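Participant: Read off the chains here:
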Amino acid sequence: MELTDLDDDCLLSIFSFLSPLPDLISLSKACRRFNCLTGDGRMRLLVLPSASTETVESARQAARTRNCRQAYHTLKEAVAGSRPGDRIVLEPGTHDVGDVHICWPLHLVGGGQTADDTVLCCSQSIDGALDFRASGKVENLTVHSRANACITHRQGALTVEGCNLRCTGTGLSHLFAPLVTLATLQAPHSRGVPAAAGAGVLTVVETKIRGGLGSLAVRTLGSGALRCVRIINLLRGTLFWFKVDSAVPAAVPIKQEPAVSSMPGQQTIKQEVVVCDAVAQPPLQPSWARSPASPSVEVLEQRAKAWHMAHHKERVTLGNTLGDEEDRPSLKRQRSS
Amino acid sequence: MRTVILRSSDGADHIVSSEAASLSRTVQSLLEELEAKEGEESPLIVPLPNVCDCTLRKVLQYCIQHTEPGTNLTGRIHVSETRRRDLEVWDRNYMLVSTDELYHLVMAAHYLNVPGLLELCCEGIANLIRGKSPQHVRQHFGLVNNFEKAEEEDIRRTNLWALVDEKELAKK
Chain A
1 MELTDLDDDC LLSIFSFLSP LPDLISLSKA CRRFNCLTGD GRMRLLVLPS ASTETVESAR
61 QAARTRNCRQ AYHTLKEAVA GSRPGDRIVL EPGTHDVGDV HICWPLHLVG GGQTADDTVL
121 CCSQSIDGAL DFRASGKVEN LTVHSRANAC ITHRQGALTV EGCNLRCTGT GLSHLFAPLV
181 TLATLQAPHS RGVPAAAGAG VLTVVETKIR GGLGSLAVRT LGSGALRCVR IINLLRGTLF
241 WFKVDSAVPA AVPIKQEPAV SSMPGQQTIK QEVVVCDAVA QPPLQPSWAR SPASPSVEVL
301 EQRAKAWHMA HHKERVTLGN TLGDEEDRPS LKRQRSS
Chain B
1 MRTVILRSSD GADHIVSSEA ASLSRTVQSL LEELEAKEGE ESPLIVPLPN VCDCTLRKVL
61 QYCIQHTEPG TNLTGRIHVS ETRRRDLEVW DRNYMLVSTD ELYHLVMAAH YLNVPGLLEL
121 CCEGIANLIR GKSPQHVRQH FGLVNNFEKA EEEDIRRTNL WALVDEKELA KK
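These protein sequence lines are chains A and B, in that order. If you count the first sequence from 1, position 255 lands on 255 in our numbering, and the numbers rise without skipping. If you count the second sequence from 1, position 78 lands on 78 in our numbering, and the numbers rise without skipping.
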């Protein structure tokens with residue numbers, strides 16, 4: 001008898017003893033049947049929408065009827081009861097969240113047809129509605145925050161795909177943004193206390209971000225800079241694609257300038273690059289400008305020419321060929337005369 | 001205490017107490033039906049066509065061990081505590097079987113619906129799988145890689161979000 005001779009129910013109960021990361025992912029790559037089983041609905045965790053009756057018994061009842069490994073009433077409980085790599089499905093409806101700290105890789109998915117069906121409402125939070133301290137993926141969800149950031153990213157590779165982020169805080173609206181990334185390469189350790197942020201990549205794919213007038217879409221407080229920005233203005237909202245990698249800082253520091261400004265009347269996306277001491281780069285300027293004794297004009301010209309030769313080889317060679325062609329008619333003229 | 005007869009697929013009879021047999025929920029529900037049909041007096045014979053003789057013997061070992069007097073002891077705490085520890089040690093020794101036997105046990109435990117035994121066996125098999133790479137799993141369990149290129153790429157992409165950390169760790 002082999003492992004594959006067991007029926008699906010037996011295999012599923014065996015798989016439920018394994019951690020999704022890395023064992024179930026290894027299994028899913030082994031063969032087609034295991035791939036189907038590991039992606040089965042019975043391996044996921046379910047979060048029920050906020051309701052008046054929230055008891056352990058009702059959650060257990062729901063788990064029995066709804067094809068899942070376990071059911072919870074709040075996202076916080078589900079995260080606490082999850083294992084690294086688990087998929088947490090949020091049922092369509094409204095969920096109250098706030099300060100959900102995610103410390104191991106998790107995949108949060110909205111169970112509805114569109115992102116609007118599943119709404120995470122956050123009315124009070126200190127660190128943001130969802131606080132990612134590990135890799136993760138957020139898919140098909142609407143996060144509506146009235147108090148702080150919708151998603152705070154501190155560490156790991158976080159992907160936000162097909163989501164709807166809304167930030168409608170009252171008061172100091174310039175202080176918070178729907179997305180905040182704190183990921184930084186040089187994590188400042190202070191007196192043995194673990195750092196609040198580490199290396200990470202934030203990837204946003206096809207996500208609607210809405211905020212107040214002139215508010216930020218993403219606040220980059222780490223070492224990374226905004227890259228690969230793509231925007232589509234739709235009638236209702238704006239779709240964003242972008243990436244912030246803590247390992248790729250901005251080449252030229254941008255100071256309080258809108259990197260990409262959308263249509264007037266809609267939100268603009270600004271970039272704040274706070275250059276840390278450890279990451280601080282020398283200002284970009286040619287080497288001769290920094291030397292104390294200023295050289296003569298001739299030397300400067302020579303250096304400029306050499307620099308041009310080095311940096312624009314094609315243009316220089318092109319210019320030479322053009323120059324030759326220009327010279328030729330004059331030569332002909334000389335000959336004819 | 002009443003005794004029942006469990007008949008395996010190859011016709012061998014096993015006589016056990018009804019208490020031990022009732023650890024299996026399948027047998028329990030069958031017994032209730034039989035009692036209602038045939039009354040209290042007649043001998044109760046439960047046919048189990050999906051379980052072979054040697055596996056049933058092994059399952060019954062577990063059932064008898066776990067229903068021995070002492071498990072339901074409501075006396076002093078330290079007695080039940082030592083009993084629990086003894087059972088754990090017994091379970092560990094009980095699981096020292098060949099892989100083939102383990103698979104048969106899982107199937108039987110699933111069919112007979114013995115929650116404790118099922119959990120024990122599943123954990124045993126999960127321990128065999130744990131920590132193996134896809135190639136290693138294939139080699140160890142005799143699986144054939146029946147993926148197409150596109151499917152493999154698809155799986156890689158769906159799992160990409162979780163594997164970034166792993167790659168970084170591998171680099172270190």
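Any given hint might turn out to be false.
[To be verified] Computed, partial: chain A to chain B, Cβ under 8 Å: (1) 1; (2) 25; (3) 37; (4) 101.
[To be verified] SDA-like, lysine to any residue: derived pairs with alpha carbons at most 25 Å apart: (5) 149/B / 36/A; (6) 58/B / 56/A; (7) 132/B / 49/A; (8) 132/B / 208/A; (9) 132/B / 43/A; (10) 58/B / 28/B; (11) 58/B / 32/A; (12) 132/B / 23/A; (13) 243/A / 303/A; (14) 58/B / 12/A; (15) 132/B / 198/A; (16) 132/B / 74/A; (17) 58/B / 198/A; (18) 58/B / 39/A; (19) 132/B / 95/B; (20) 243/A / 153/B; (21) 132/B / 44/A; (22) 132/B / 19/A; (23) 132/B / 33/A; (24) 243/A / 132/B; (25) 76/A / 39/A; (26) 132/B / 134/A; (27) 149/B / 35/A; (28) 58/B / 17/A; (29) 132/B / 82/B; (30) 149/B / 22/A; (31) 149/B / 40/A; (32) 149/B / 128/B; (33) 149/B / 33/A; (34) 132/B / 5/A; (35) 132/B / 76/A; (36) 58/B / 139/B; (37) 208/A / 49/A.
Hints are computed from structural coordinates only; laboratory data are not their basis. No experiment lies behind these values; they were computed from the predicted model shown. Backbone N, C-alpha and C fix where the C-beta goes; we use that ideal spot for every residue, glycine too.
Participant: Determine for every hint whether it applies to the structure shown.
Facilitator: Hints, one by one, checked against the model:
This hint holds: residue 1/A has a C-beta 4 Å from the nearest C-beta of chain B, less than the 8 Å allowed. For residue 25/A, the shortest C-beta to C-beta distance to chain B is roughly 5 Å, which falls under 8 Å, so the interface hint holds. For residue 37/A, the interface hint is violated, the least distance from its beta-carbon to any beta-carbon of chain B being 12 Å, above 8 Å. This hint is violated: residue 101/A has a C-beta 17 Å from the nearest C-beta of chain B, more than the 8 Å allowed.
Distance hint between residue 149/B and residue 36/A is fulfilled; the C-alpha atoms sit about 17 Å from each other, no more than 25 Å. Distance hint between residue 58/B and residue 56/A is unfulfilled; the C-alpha atoms sit about 36 Å from each other, more than 25 Å. The hinted pair formed by residue 132/B and residue 49/A fails the criterion: a straight-line CA distance of about 37 Å is larger than 25 Å. For a cut-off of 25 Å, the pair hint linking residue 132/B to residue 208/A is broken: about 40 Å separates their Cα positions.
With a C-alpha separation of about 20 Å, the suggested pairing of residue 132/B with residue 43/A holds against the 25 Å cut-off. Our distance criterion of 25 Å between C-alpha atoms is met by residue 58/B and residue 28/B, whose separation comes to about 18 Å. As the CA atoms of residue 58/B and residue 32/A are separated by approximately 33 Å, the hinted pair breaks the 25 Å bound. With a C-alpha separation of about 7 Å, the suggested pair residue 132/B and residue 23/A falls inside the 25 Å cut-off, and the hint holds.
As the CA atoms of residue 243/A and residue 303/A are separated by approximately 38 Å, the hinted pair breaks the 25 Å bound. Between residue 58/B and residue 12/A the alpha-carbon distance is near 23 Å, which keeps this suggested pair within the 25 Å criterion. Taking the CA atoms of residue 132/B and residue 198/A, the gap is about 29 Å. The hint is violated against a cut of 25 Å. A threshold of 25 Å between alpha carbons decides the hint, and for residue 132/B with residue 74/A the separation of about 34 Å lies outside it, so the pair is violated.
Taking the CA atoms of residue 58/B and residue 198/A, the gap is near 52 Å; set against the 25 Å cutoff, the hint is violated. With a C-alpha separation of about 33 Å, the suggested pair residue 58/B and residue 39/A falls outside the 25 Å cut-off, and the hint is violated. Between the alpha carbons of residue 132/B and residue 95/B the distance comes to roughly 21 Å, so the proposed pair stays at or under 25 Å and holds. The straight-line distance between the Cα atoms of residue 243/A and residue 153/B is roughly 22 Å, inside the 25 Å bound, and the hint therefore holds.
Simply put, residue 132/B and residue 44/A have alpha-carbon atoms about 22 Å apart, close enough for the 25 Å limit, and the pair holds. At roughly 12 Å between alpha-carbon atoms, residue 132/B and residue 19/A fall within 25 Å of each other, so this suggested pair holds. Restraint check for residue 132/B and residue 33/A: the C-alpha separation of about 17 Å stays at or below 25 Å, so the hint holds. About 33 Å separates the Cα atoms of residue 243/A and residue 132/B, which puts this hinted pair outside 25 Å; it is violated.
Using a Cα cut-off of 25 Å, the hinted pair residue 76/A and residue 39/A holds, with the two alpha carbons roughly 23 Å apart. Of the supplied pair hints, the one linking residue 132/B and residue 134/A holds, its CA atoms being roughly 23 Å apart against a limit of 25 Å. Note on residue 149/B and residue 35/A: the hinted pairing holds, with a Cα-Cα distance of about 14 Å set against a maximum of 25 Å. The suggested pairing of residue 58/B with residue 17/A holds, with an alpha-carbon distance near 23 Å, which does not exceed 25 Å.
The hinted pair formed by residue 132/B and residue 82/B fails the criterion: a straight-line CA distance of about 36 Å is larger than 25 Å. For the hint pairing residue 149/B with residue 22/A, the CA-to-CA distance comes to about 22 Å; that is within 25 Å, so the pair holds. About 22 Å separates the Cα atoms of residue 149/B and residue 40/A, which keeps this hinted pair within 25 Å; it holds. The hinted pair formed by residue 149/B and residue 128/B fails the criterion: a straight-line CA distance of about 28 Å is larger than 25 Å.
Distance hint between residue 149/B and residue 33/A is fulfilled; the C-alpha atoms sit about 16 Å from each other, no more than 25 Å. With a C-alpha separation of about 20 Å, the suggested pairing of residue 132/B with residue 5/A holds against the 25 Å cut-off. A threshold of 25 Å between alpha carbons decides the hint, and for residue 132/B with residue 76/A the separation of about 31 Å lies outside it, so the pair is violated. Distance restraint check for residue 58/B and residue 139/B: the Cα-Cα separation of roughly 29 Å exceeds the 25 Å cut-off, and the hinted pair is therefore not satisfied.
About 23 Å separates the Cα atoms of residue 208/A and residue 49/A, which keeps this hinted pair within 25 Å; it holds.
Against the hints set out earlier in the document, violations occur for numbers 3, 4, 6, 7, 8, 11, 13, 15, 16, 17, 18, 24, 29, 32, 35 and 36.
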